[in-house]
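Visitor: Below are the chains, spelled out letter by letter.
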Amino acid sequence: MPNIQPYTVVDSTVRFGVYCVVWHFTSIGFAVEIGDNVCIGSHVYIGNFSNIGDETRIQTGVFLPNHSKVGQRVFIGPNATCTDDKHPRVGQPYEPQPPIIEDDVSIGAGAIILPGVTLHKGCVVGAGAVVTHDVWENSTVVGNPAYEIHGEREYKNKWNRKQNTI
Amino acid sequence: MPNIQPYTVVDSTVRFGVYCVVWHFTSIGFAVEIGDNVCIGSHVYIGNFSNIGDETRIQTGVFLPNHSKVGQRVFIGPNATCTDDKHPRVGQPYEPQPPIIEDDVSIGAGAIILPGVTLHKGCVVGAGAVVTHDVWENSTVVGNPAYEIHGEREYKNKWNRKQNTI
Amino acid sequence: MPNIQPYTVVDSTVRFGVYCVVWHFTSIGFAVEIGDNVCIGSHVYIGNFSNIGDETRIQTGVFLPNHSKVGQRVFIGPNATCTDDKHPRVGQPYEPQPPIIEDDVSIGAGAIILPGVTLHKGCVVGAGAVVTHDVWENSTVVGNPAYEIHGEREYKNKWNRKQNTI
Chain R
265 MPNIQPYTVV
275 DSTVRFGVYC
285 VVWHFTSIGF
295 AVEIGDNVCI
305 GSHVYIGNFS
315 NIGDETRIQT
325 GVFLPNHSKV
335 GQRVFIGPNA
345 TCTDDKHPRV
355 GQPYEPQPPI
365 IEDDVSIGAG
375 AIILPGVTLH
385 KGCVVGAGAV
395 VTHDVWENST
405 VVGNPAYEIH
415 GEREYKNKWN
425 RKQNTI
Chain B
265 MPNIQPYTVV
275 DSTVRFGVYC
285 VVWHFTSIGF
295 AVEIGDNVCI
305 GSHVYIGNFS
315 NIGDETRIQT
325 GVFLPNHSKV
335 GQRVFIGPNA
345 TCTDDKHPRV
355 GQPYEPQPPI
365 IEDDVSIGAG
375 AIILPGVTLH
385 KGCVVGAGAV
395 VTHDVWENST
405 VVGNPAYEIH
415 GEREYKNKWN
425 RKQNTI
Chain V
265 MPNIQPYTVV
275 DSTVRFGVYC
285 VVWHFTSIGF
295 AVEIGDNVCI
305 GSHVYIGNFS
315 NIGDETRIQT
325 GVFLPNHSKV
335 GQRVFIGPNA
345 TCTDDKHPRV
355 GQPYEPQPPI
365 IEDDVSIGAG
375 AIILPGVTLH
385 KGCVVGAGAV
395 VTHDVWENST
405 VVGNPAYEIH
415 GEREYKNKWN
425 RKQNTI
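Protein chains in written order, with my numbering: chain R, 265 to 430; chain B, 265 to 430; chain V, 265 to 430.
Because the hints were derived from the structure by calculation, they are not lab data. One should not assume that every hint holds.
For chains that are exact copies, the list does not tell them apart, and a pair is met inside one copy or across any two.
To be verified - Each computed DSBU-like pair below joins lysine-lysine, with the alpha-carbon atoms no more than 30 Å apart:
id, residue 1, residue 2
1, 333, 385
2, 333, 350
3, 350, 385
Note that this is a predicted model, so its numbers are computed, not measured.
Could you put the whole structure together from the sequences, leaning on the hints where they help?
Guide: Rendered as structure tokens:
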């Protein structure tokens, strides 16, 4: 049984692996699947149909939209925000583009991941980065808009082209 | 009657239109007026005396200070923050400058709106933008500090002058 | 007795001075010491063993990691985030580097303080700033990464060198 603290809203359809913890004031939506040894901090929101891999740690205040895919051993820092709506307008239909976060990724505090972005295996997103494009394996991005500071040359060039954050 | 989920703190003086929803862990202050078909996400804080127009959607983790004016069909993305105190210092008096957010505005995830800013009708604030000046009708701003990427030329020039975020 | 609102999680070991207030949906950890006249907003997380000085105001949605040191008359704006783990990786040991925030500091909304940073007496951190280095007494920093806009010349030069946010 997961260790679910008081004042949490965990849908009855959520499936947990072993040794999970959910801290206070956290909301986990419909049909979310959570692996083993996952730690979910306080004030977190996890949207419907999301997947969270084994040993992942989601810190206080994180927002994950519906259908988020989060791999194993991922760290998501406090108040980081993922998004799925590229052009939000009230009353208009939209095609959700939830984030794909692969294994061993680390996301710094307060980072913002734009819709449709894939964070590839082992990459690092600096605190406060606003990530507008996919991030390559094992590379590191920082800034608003985010740019690569460690990684492969070719990809770096692509990143260094002028980018808009929307 | 609004659909108010458990674990919410909605002051008894709040007035709702029809078909409103308030999600968990949200706090709505004194004398707030809320229109029809408004959806307020979880972990939201809405300060006293605020107005929220019809069909507006306020996502998870948004902070709105006292006396915020929010129009109709406004989208405020997750973890966006509005402010009203230009030079916060403990123990010093201050003149609150709450935000004015006109109809059909969209604010991206994690954006920060500095005190006294007006977001004019239909404008778009990109995710993670730090908005230090008014944003013109139907224009789009991104970055920290925010600058205009789509909009009228004259205004763009004004924006492109060096800006400080404080 | 502190004024602790409903739906809060305050560890029984927390010590309060006189005239404190804790708003809804806030979590305060083990052995935290809080001075007199402290106001802690809603949706706040204060980690274990932290110290909060007299008359400090912590706004909605703030995250403070374990062992945070916060002085007197400090203002921490809504959704500001402090951190203590320079290179977060799941399963790897880390040496926590909690923030040191001296007296009379003001931190703007949504600012992010990187691990090990000291905010010296009376300094100001602009809204949305991502602070990667110590901030000198009475100076002001803004931007991502943060740079100094008011302060002593020598320090300013040091700040203006290219900085990475990680």
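Visitor: For every hint, state whether the structure bears it out.
Guide: For each hint, the structure was consulted:
Taking the shortest alpha-carbon separations for residue 333 and residue 385, only the intra-copy value of 13 Å comes in at or below 30 Å, while the best inter-copy value is 35 Å. When the C-alpha separation of residue 333 and residue 350 is checked against a cutoff of 30 Å, the pair qualifies both within a copy, at 17 Å, and between copies, at 25 Å. Taking identical chains as interchangeable, the C-alpha atoms of residue 350 and residue 385 lie at most 30 Å apart whether they share a chain (23 Å) or sit on different chains (19 Å).
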